[in-house]
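Visitor: Residue strings, one per chain:
Protein chains: 2
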Amino acid sequence: MEEFEELVADVFSRRCTSRSVLETITGRWAILALVALYEGPYRFNALRRRVDGVSEKMLSQTLHALERDGMVLRVAESSIPPKVEYSLTELGREAAERLIPLLEWVEDRMPQVVSSREEYAAR
Amino acid sequence: MEEFEELVADVFSRRCTSRSVLETITGRWAILALVALYEGPYRFNALRRRVDGVSEKMLSQTLHALERDGMVLRVAESSIPPKVEYSLTELGREAAERLIPLLEWVEDRMPQVVSSREEYAAR
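Chains as they are written, first to last, in the UniProt record's numbering: chain H, 1 to 123; chain D, 1 to 123.
One or more of the hints may lead you astray.
Since the list gives no way to pick out one identical chain from another, each pair is judged satisfied if it fits inside one copy or across any two copies.
Each computed SDA-like pair below joins lysine to any residue, with the alpha-carbon atoms no more than 20 Å apart [to be verified]:
1) Lys57 x Arg14
2) Lys57 x Glu118
3) Lys57 x Ser13
4) Lys57 x Asp108
By construction, these hints were calculated from the structure, which means they are not laboratory data.
Here the structure is a predicted model, which is why all the values come from computation and not from measurement.
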């Protein structure tokens with residue numbers, strides 16, 4: 001009887017595709033865009049205002065990568081001027097649901113991190 | 001009566017320090033190092049083998065940033081040759097606990113993302 005090893009995704013393995021998936025959703029702008037879109041659909045410029053500091057180019061690249069990876073849906077209405085709306089797919093919602101606790105924790109623990117940085121700088 | 005607005009951390013605000021905290025823990029190598037160290041303490045070279053593909057320089061930079069931000073403890077034993085061991089602080093454990101569900105989700109959903117990429121490429 002031959003044995004087959006079941007292939008599973010492993011982000012610790014450098015050649016595993018899952019690592020590139022991780023990178024799509026953990027870039028600075030991707031995290032913020034996914035969490036913003038969890039609030040509801042956004043048009044490009046409104047999303048750009050919500051994700052304070054992102055350039056047009058970076059937001060556009062981020063949304064394309066998220067669309068390609070099946071997290072974000074881009075819907076263009078055939079109106080004049082054309083309206084383009086971005087929203088989360090079910091996959092994107094799942095990703096956002098795992099990013100929100102991380103963001104909340106970061107905001108919550110910021111003071112401790114700042115103290116730690118001060119101690120580190122004073123060493 | 002004067003009003004005071006309570007200042008709270010907001011990662012959506014470009015000037016909020018919390019954004020730099022988010023970046024410390026969501027870099028590719030930082031995520032993998034935090035989750036690896038959640039398994040237990042590691043010496044540098046063993047950690048480097050665990051975090052497959054990381055260069056010595058990048059792992060060193062990553063660990064310094066995590067140490068500065070109070071997530072990782074670096075303990076040097078005064079032995080010959082000196083042993084340096086890295087472990088998580090309580091803060092680092094909290095971060096890892098929020099990163100693990102994200103990693104597991106990424107590994108779990110990789111096939112869907114790959115399908116999505118194929119569909120996107122075929123459009």
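Visitor: Compare the structure with each hint and give your call.
Guide: How the hints compare with the structure:
1. Lys57 x Arg14: between (29 Å within a copy, 17 Å between copies)
2. Lys57 x Glu118: For Lys57 and Glu118, neither the intra-copy (35 Å) nor the inter-copy (24 Å) Cα distance is at most 20 Å.
3. Lys57 x Ser13: Close across copies (19 Å), not inside one copy (31 Å); limit 20 Å.
4. Lys57 x Asp108: neither (30 Å within a copy, 30 Å between copies)
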